[in-house]
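Asker: Those protein sequence lines, which keep their order, are chains A and B. Take the first sequence: its letters are residues 1 to 199, numbered as in UniProt numbering. Take the second sequence: its letters are residues 1 to 141, numbered as in UniProt numbering.
In short, the hints are calculated from the structure, not lab data. Wrong hints could be hidden among the right ones.
[To be verified] Negatives, chain B to chain A, calculated, CB over 12 Å:
no.: 1; residue: G55
no.: 2; residue: F67
no.: 3; residue: Y97
no.: 4; residue: E100
no.: 5; residue: P110
no.: 6; residue: M116
[Stated by the list, open to error] Cut-off 20 Å, straight-line C-alpha distance, at most; resulting in silico cross-link-like pairs (SDA-like, lysine to any residue):
no.: 7; chain 1: B; residue 1: K20; chain 2: B; residue 2: S126
no.: 8; chain 1: A; residue 1: K78; chain 2: B; residue 2: S38
no.: 9; chain 1: A; residue 1: K55; chain 2: A; residue 2: L37
no.: 10; chain 1: A; residue 1: K78; chain 2: B; residue 2: Y22
no.: 11; chain 1: B; residue 1: K27; chain 2: A; residue 2: E77
Heads up, the beta-carbon is just placed ideally off N, CA and C, and yes, glycines get one too.
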Amino acid sequence: MQFFGGSEISPSPPPPTASGNNAHMLYVFNRNGVCLLYREWNRPLKTLNPQQDHKLMFGLLFSLKSLTAKMDPTSTEKGNLGVPQLPGQGCSFHSFRTNTYKLSFMESPSGIKIILVTHPRTGDLRESLKYIYNLYVEYVVKNPLYSPGAPIKLGVSYLILPSISMSEALDNFSRIKWIQISHIAFGLVAPSMMTFYHQ
Amino acid sequence: MAAIYSLYIINKSGGLIFCKDYGSAGKMDTNDSLRLASLWHSMHAISQQLSPVNGCAGIELLQADTFDLHCFQSLTGTKFFVVCEPGTLHMESLLKYIYELYTDYVLKNPFYEMEMPIRCELFDISLSQAVQKDRVALLGR
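In isolation and in its complexed conformation, chain A is listed as follows (with noise of 0.2 Å):
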């Protein structure tokens, strides 16, 4: 597993945790704020429009990663609530669990943050986000037609270029897994992401 910095996808994706095979949404947010990729496989209730929705959702997450930074027992030096951190700065948290559903949350140095919503007896799904991100870099950073800040696009253009610039790196699986594996993550052919993840 190579996270940063790293040329190559891990050659697997981690191993399954739990039972629970349901996989709600998937949200990639930037620095910004900006929502760069959003899929639902399983979403019956719907309070919101997309754009609020998306603004809700990191609201939350930058206020919980407040309330986490001064809340953290361990530390003495904590600042004030609400003062803005860099990401990686200060005590964050790794997920959170309802009684319908299990958010797991995974912020880069770079400040994208990749949110996956799934059942709620889901386990620790830290490795499956590194996994995800390690997609991203891949295939949508990597990409040079993407330009950065966009919302990504999902389309066979991301998809063919990286896997033929990148065959060399990847000549040790055939290039139809990874297609496939790219398929599935971003939600382009698989209904289920956690058929890949939790079969």
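Given chain A's structure and the hints, the job is docking chain B onto it.
Answerer: Okay, now just chain B, sitting in the frame of chain A:
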């Protein structure tokens, strides 16, 4: 090191009515505790809005890098939450037990005004007994 760092009780409108610290580093002043409590109240409400399915009752467990936060909301909207070491067990039963203590020693106290800060000696005493480590383990049985 304490397994439980602190305990908060929030009334139904988001005001802090009880706060007890059991040895977290870096003391927070009263204003900060009040702000954190009302912030938690709003986050709890927003998390219900974002639920992908019906019937969400708000955050039960928040896992941060250095602590876990377990929250219990009573039917009347009073929220109890403990901040503890990551992976501490039996916190749900502890919170339910604290809720029992609250109903017994706070709500049944004739001098207690609803939604106001809790100042009840019997509650303090039984609470400090309940959060002792060996007692918490017993609650899990």
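Asker: Checking the smallest CB distance to chain A, is P110 of chain B really beyond 12 Å?
Answerer: holds (34 Å)
Asker: Please confirm whether M116 of chain B is truly not at the interface, meaning its C-beta sits more than 12 Å away from all C-beta atoms of chain A.
Answerer: holds (24 Å)
Asker: Is the hinted pair K20 of chain B and S126 of chain B satisfied, with a Cα-Cα distance of at most 20 Å?
Answerer: holds (13 Å)
Asker: Take a quick look at F67 of chain B and tell me if its Cβ sits farther than 12 Å from every Cβ on chain A, holds or violated.
Answerer: Its Cβ does come within 12 Å of chain A, the nearest being 6 Å, so this is violated.
Asker: Any Cβ of chain A at or closer than 12 Å to E100 of chain B, or is the non-interface label fine?
Answerer: holds (21 Å)
Asker: Mind verifying the non-interface call on Y97 of chain B? Its CB should be farther than 12 Å from each CB in chain A.
Answerer: The claim stands: Y97 of chain B keeps its Cβ more than 12 Å from every Cβ of chain A (closest is about 20 Å).
Asker: Would you check the hint for K27 of chain B and E77 of chain A, treating anything up to 20 Å between C-alpha atoms as holding?
Answerer: holds (10 Å)
Asker: Does the structure keep K55 of chain A and L37 of chain A at a Cα separation of 20 Å or less?
Answerer: holds (13 Å)
Asker: Keeping to a limit of 20 Å between CA atoms, is the pair of K78 of chain A and Y22 of chain B held or broken?
Answerer: holds (18 Å)
Asker: Quickly compare the C-alpha distance for K78 of chain A and S38 of chain B to 20 Å and report which way the hint goes.
Answerer: holds (18 Å)
Asker: May I ask you to check that G55 of chain B keeps its beta-carbon over 12 Å from the closest beta-carbon of chain A?
Answerer: The claim is violated: G55 of chain B sits with its nearest Cβ about 6 Å from chain A, within 12 Å.
Figure legend: structure checked against the earlier numbered hints; hints not met, in rising order: 1, 2.
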